[in-house]
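Engineer: Given next are the chains, with one letter for each unit.
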Amino acid sequence: MTARYGPVTALHGVSLSVGEGEAVAVLGANGAGKTTTLRAISGAVRRSGRIAFAGQSIARSSPEATARAGIAHVPEGRGTLTDLTVRENLRLGAYTRRDRAAIKEDEARVFGYFPRLRERRDQRAGTLSGGEQQMLALARALMLRPRLLLLDEPSLGLAPTVVGEIFRIVGELNEREGLAVLVVEQNAALALEASARAYVLEVGKVAIEGESAALRRDESVRRSYLGY
Amino acid sequence: MLLAFDWTQLAQQIVIGLSSGGVFATLAVALVLIYRSTGVVNFAQGEMAMFSTFIAWSLVHHGLSYWAAFFLTVAISFFGGVGIERVVIKPVERAPVLTVVIVTLGLFFLVNGAARWIWSPEVRSLPNAFSTRPIDVAGVAFSIQDLGTIAVSLGAVGLLWLFFRFTKLGLASRAAAVNPEASRLVGVRVSWMLALGWGLAAAMGAVSGMLTAPALASFDQNLMQPVLLYAFAGAVLGGLDSPLGAVVGSLLLGVLINLIGTYVDWVGTDLRLPVALAVILGVLLVKPTGLFGRAEVVRV
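Protein sequence lines correspond, in order, to chains F and W.
Every number in my numbering is 605 more than the matching position in the first sequence, counting from 1.
Every number in my numbering is 27 more than the matching position in the second sequence, counting from 1.
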């Protein structure tokens, strides 16, 4: 697929795949097109090419439609609705669903993963700390009951302990619930640890791809992205 | 002098002020609804309300009771508002704010012209919604019409609040107004939420028009133009992005201009509109966000 912002082409033919229940990372320097890749999948940016999800083409789908198809996108900067309470954010996450009883269950399940959100459920999201807002963004995405989770820079601006907790929970969701994850990360070491496969983007193209474990040992990847 | 002050008259004038303030509030809330989601003041809001009032007049003319016409007109106006958004506003959804402002100005003349074309420019009147008898409350005589107007306008605003606060659709439209990008990602059809907002605004405007007209001996197609200015002043006073602020601001303004008109001889009834404009100017100079508005933080 390719994607453009007005006259600027940000992706020049990126090809990638995520298997059922697989965790995949997208790495790369600033401006390599990581965020645009996710935005192209969910339809938040003009794109062309072939994009298929669960056997259906979503190449022309709007963000509303890809969400309804089962792709939850946690955008860069979290996209929590700061004027709404934690609870309202979660209810909004389940907006496309009609199964009231199951939504209730999912709310309890999500609060199980993020007990701190339960404590703050009636607070406005804007009053939460950065880490809590990232958790809320993740929790809201889960309320969609997605089959694929798109995570954009979940570690951005957060303390290492919080980042560790978020990645631990994402890993748990991936392993226990079979949720497929496509995560974009600046922090390559972290992302390679949390994923089975990874793609490295360079100026809008896939430069390297492979098993995360292999990439971690790869000399050039280590030097360029891991910094040791 | 102070001892001779007529407290009864003051109480009466405050209720009269609240009654006109309630009418301003319904239209002010309509302005705020659209301002929050599109960032523009809909200059055609008053004309849309006037058009709704003429629909109500036609319905009454064809034999419906005032209240039957009232509720039917609110429903028709809702769908009319949705329709206007789909046809006129949707094409400029992504256009700069100035473009949208000009479209609403065009809409002002379009709706006004349409009303003149459909209903000849003769004066007409609506029956009274409430009994014209006075009612005695703690020894002070109030007009049932004023109390009824306050009740209906606050009731309409209250229903709207319940919708936004407690329904899933209301939640989604609040989210869409503040953060359309993130709302899309959870599956909210943001564009339709905008249309819903226009529908609700048109319905609120209809309420305000239908409360304005019966109080007048007669009305024509210019019915809502002063009301729009008062509503705008009330909304600015309360904060253009705050529905609660619009209601409080409009009620305050209603009471204020009525008291000034009553007790300051040289203002009388003629200078009320300039007082409202002075309020707009004063608020914009002293506290541009209004009483309840929040300053917009722009990240650079």
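One or more of the hints may lead you astray.
To be verified - Dumping the calculated DMTMM-like pairs for lysine to aspartate or glutamate here, alpha-carbon to alpha-carbon at most 20 Å: (1) F:K709 / F:D823; (2) W:K195 / F:E782; (3) W:K195 / F:D688.
Stated by the list, open to error - Pair ranges (Cβ atoms, derived): (4) W:F106 / F:E710: 29 to 39 Å; (5) W:F98 / F:E777: 47 to 57 Å; (6) W:L91 / F:T732: 46 to 56 Å; (7) F:V808 / W:E208: 18 to 28 Å; (8) W:E208 / F:S734: 20 to 30 Å; (9) F:G783 / W:K195: 45 to 55 Å; (10) W:T194 / F:Y610: 52 to 62 Å; (11) F:R655 / W:L91: 57 to 67 Å; (12) F:E681 / W:I171: 57 to 67 Å; (13) W:G133 / F:A664: 30 to 40 Å; (14) W:K195 / F:E777: 43 to 53 Å; (15) W:A102 / F:E710: 34 to 44 Å.
What the hints contain is simulated information worked out from the structure, not anything from laboratory work.
We put the CB at the ideal spot given by N, CA and C, even for glycine.
Engineer: Regarding F106 (chain W) and E710 (chain F), is the given constraint of 29 to 39 Å on their beta-carbon distance met?
Structural biologist: Distance hint for F106 (chain W), E710 (chain F) holds at roughly 37 Å.
Engineer: Please check whether G783 (chain F) and K195 (chain W) have a Cβ separation lying inside 45 to 55 Å.
Structural biologist: 28 Å, violated
Engineer: Would the hint linking K709 (chain F) and D823 (chain F) be met if the CA-CA limit is 20 Å?
Structural biologist: 46 Å, violated
Engineer: Kindly confirm whether 57 to 67 Å is satisfied by the beta carbon distance between R655 (chain F) and L91 (chain W).
Structural biologist: 58 Å, holds
Engineer: Range hint 34 to 44 Å: satisfied by the CB atoms of A102 (chain W) and E710 (chain F)?
Structural biologist: 37 Å, holds
Engineer: Check the following: the C-beta atoms of E681 (chain F) and I171 (chain W) are separated by a distance inside 57 to 67 Å.
Structural biologist: Given range 57 to 67 Å: holds, Cβ gap about 58 Å.
Engineer: Between the beta carbons of F98 (chain W) and E777 (chain F), is the distance compatible with 47 to 57 Å?
Structural biologist: With Cβ atoms ~53 Å apart, the hint holds.
Engineer: Measure nothing beyond the straight line between the CA atoms of K195 (chain W) and D688 (chain F); if it is 20 Å or shorter, mark the hint as holding.
Structural biologist: 16 Å, holds
Engineer: Does K195 (chain W) pair with E782 (chain F) here, judged by a C-alpha cut-off of 20 Å?
Structural biologist: Violated, because 27 Å separates the two Cα atoms, which is more than 20 Å.
Engineer: Would you say the C-beta atoms of K195 (chain W) and E777 (chain F) sit inside 43 to 53 Å of each other?
Structural biologist: At 29 Å between Cβs, range violated.
Engineer: Go ahead and decide if the range 52 to 62 Å is satisfied by the Cβ distance of T194 (chain W) to Y610 (chain F).
Structural biologist: 36 Å, violated
Engineer: Quick check: does the Cβ-Cβ distance between V808 (chain F) and E208 (chain W) fall within 18 to 28 Å?
Structural biologist: 25 Å, holds
Hint check: violations occur at hints 1, 2, 9, 10, 14; the rest are consistent with the structure.
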